[in-house]
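Here's the letter readout for the chains.
There are 2 protein chains.
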Amino acid sequence: MLDATLAEIGPLDEAAMAAAHDLHARLTKPAGSLGALEELSIRLAGLAGVCPPPLPEPAAVAIFAADHGVHAQGVTPWPQEVTAQMVGNFLAGGAVVNAFARQTGATVTVVDVGVATPLTPAPVPAQRSGSPAPRLVTAKVRAGTRDMTARPALTRDEVRATVETGIRTAYELLDSGAGILVTGDMGIGNTTAAAALIAACTGIDPAEATGRGTGIDDATYARKVAVVRAALARHVPDPADPVGLLAAVGGLEHAALAGFILGGAARRVPVLLDGVSAVAAALVAAAFAPDAVGAMVAGHRSAEPGATAGLDRLGLLPIIDLGLRLGEGTGALLAYPVVAGAVRVLHEVATFDAAGVSEK
Amino acid sequence: MLDATLAEIGPLDEAAMAAAHDLHARLTKPAGSLGALEELSIRLAGLAGVCPPPLPEPAAVAIFAADHGVHAQGVTPWPQEVTAQMVGNFLAGGAVVNAFARQTGATVTVVDVGVATPLTPAPVPAQRSGSPAPRLVTAKVRAGTRDMTARPALTRDEVRATVETGIRTAYELLDSGAGILVTGDMGIGNTTAAAALIAACTGIDPAEATGRGTGIDDATYARKVAVVRAALARHVPDPADPVGLLAAVGGLEHAALAGFILGGAARRVPVLLDGVSAVAAALVAAAFAPDAVGAMVAGHRSAEPGATAGLDRLGLLPIIDLGLRLGEGTGALLAYPVVAGAVRVLHEVATFDAAGVSEK
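Residue numbers (the numbering used here), protein chains in the order written: chain A, 1 to 360; chain B, 1 to 360.
Certain hints may be false.
Which copy is meant is left open, so a pair is good if it fits within one copy or across any two.
[Claimed, not checked] Derived lysine to aspartate or glutamate pairs resembling EDC-like cross-links, with alpha carbons at most 20 Å apart: (1) K140 to E164; (2) K360 to D217; (3) K140 to E172; (4) K140 to D238; (5) K360 to D238; (6) K360 to D218; (7) K360 to D22; (8) K140 to E81; (9) K360 to E81; (10) K140 to D218; (11) K360 to D312; (12) K140 to D157; (13) K140 to E8; (14) K140 to E208.
Keep in mind that the hints were calculated from the coordinates and are not lab data.
Bound conformation, chain A alone (with noise of 0.2 Å):
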């Protein structure tokens, strides 16, 4: 399935840019005027291969989640089974990921692919108007990755099946009509697997790829550092080979988001990326297939520093910039609004001509 999946990744559609560029031109605005929503949606054109693209719409969320053997070297404060407890959050309506989703019309699907502690029974969601309830999904792949500083967190063989977990649930979601993928993360200690990732695909120093996750102490801090250092003298991972990468010192909710925005880029639909979870599972997706980057939207610059040295190496520029660092699809999810926008004035605004508006 991966195979098959990334043999379908090709390059953004030329001529439906072209057109996308020049009915720009014809609408009532001054060229130019709409700033990077310009571009976006030209971009867009390229990806649908159709000009206007279609409107990303309804959005569906995929927030994977799953656990870090990692965890056992103190690299946060928060216990391990906050993981599990989130995903009843979830299933319930109460986090703010679900907030941000009903504001917007997405659905929200937890994707367990890796939580070690049992899954509380979640509360009867409450009943909220215009928005479906959420839904689970159980992949387990295993309960938590192994203690990258110890070994590698995974074989090969529960990368590719969780990279093939993230391609399913992006099919699933968009043959249901989903119109825009978003992607949502969640794991106690994830920071440190995304930082990681960074650093060895982007080549920064470990210092540089990690932040201080949900607000860590300086002597947190510091062992967090300690420890993506450590990770990554012992694996020395290739970023040319992206499995191997992610065996050695990925986390599952990275591996199933690699798959996730492979999924979307394979079928030509728009990913719109979260926080420093999903740029990580960006570098690694552009690592098995440059052209997927063509497919990516940065909803968001999220706090952690890793993230923007990530985005700055993909070439994208981040949608809000407003110093969030919760995760969940939630920074993707504010920005989901301004990327229909810009598809909807393909489809809406009026021309010059039609509206009887003079040009300078």
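Put chain B on the given structure of chain A with help from the hints.
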């Protein structure tokens, strides 16, 4: 009406802000992880005087349209008739602001406070689902301002009448059920007046306050800076006298926008600012009533340099920063879902206790 409105504008409610701050600490997310959204939601609690503040919905955009005598000085290549033509386009639903309003469920009201050329009969709007038809309010104070390089743009009586039109527009939209006001503007040449207002209010040089508007060439830009400089040298407006300042170098839409902002502040409802004309009006509104700043939310950072100088002076952080320079209310509407999301968090997200999630 102006004096009564000013008398109603007061400071933020400290108790409601403290309650919002405390509530954020109990919600199921790391403290501070929503970045600038947390500060914004706390301020909106202070504005409403209650925690959580009401959800800011629906949004109501008012597009104040007017022409400018300074157009005769060659500050833009666009013919003056485009102001009237774009009013027709707004009413037909064909402009970018209409597309963004449909996406966010916002109403669009066009207020003619001084269009110089006849409004062409609007084409019948194409039927669009889920969005009321745009509405025209005729409140023309005069057919465009006078040329500020030769004489005051407006009389003090004209300024007061126009500011009160803005206040009345705010009150009418709020009485009709709007939960947040969004500023829009249309007026060929209005970035010239905006630059003059911003230079006068902030003390920066006209060359720093003046931008390229719709995208003018070097010769036109040099002329535009010289025009702003000449107008300010002729009138030497006192920024502490907002009526006199608007009379000297303002536009009718800036006067109306200042009133619109004051009306929102008096009713303690947020006013989402669009681009450089809104920022110029916001500086004037703050000169009328410093506490009005508490009601202002900066939608985006316009590409016009004066907008950034004005936002800095007001202490406002823009939500969107994507190089837009279109006006109409477009940048503010893109930011609207972020504002709504910030408030929604306080209404809908579960607490650690209620969700059974462990704290660190």
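Honestly, which of those hints from before does the structure not fit? 4, 5, 10, 11, 13 and 14
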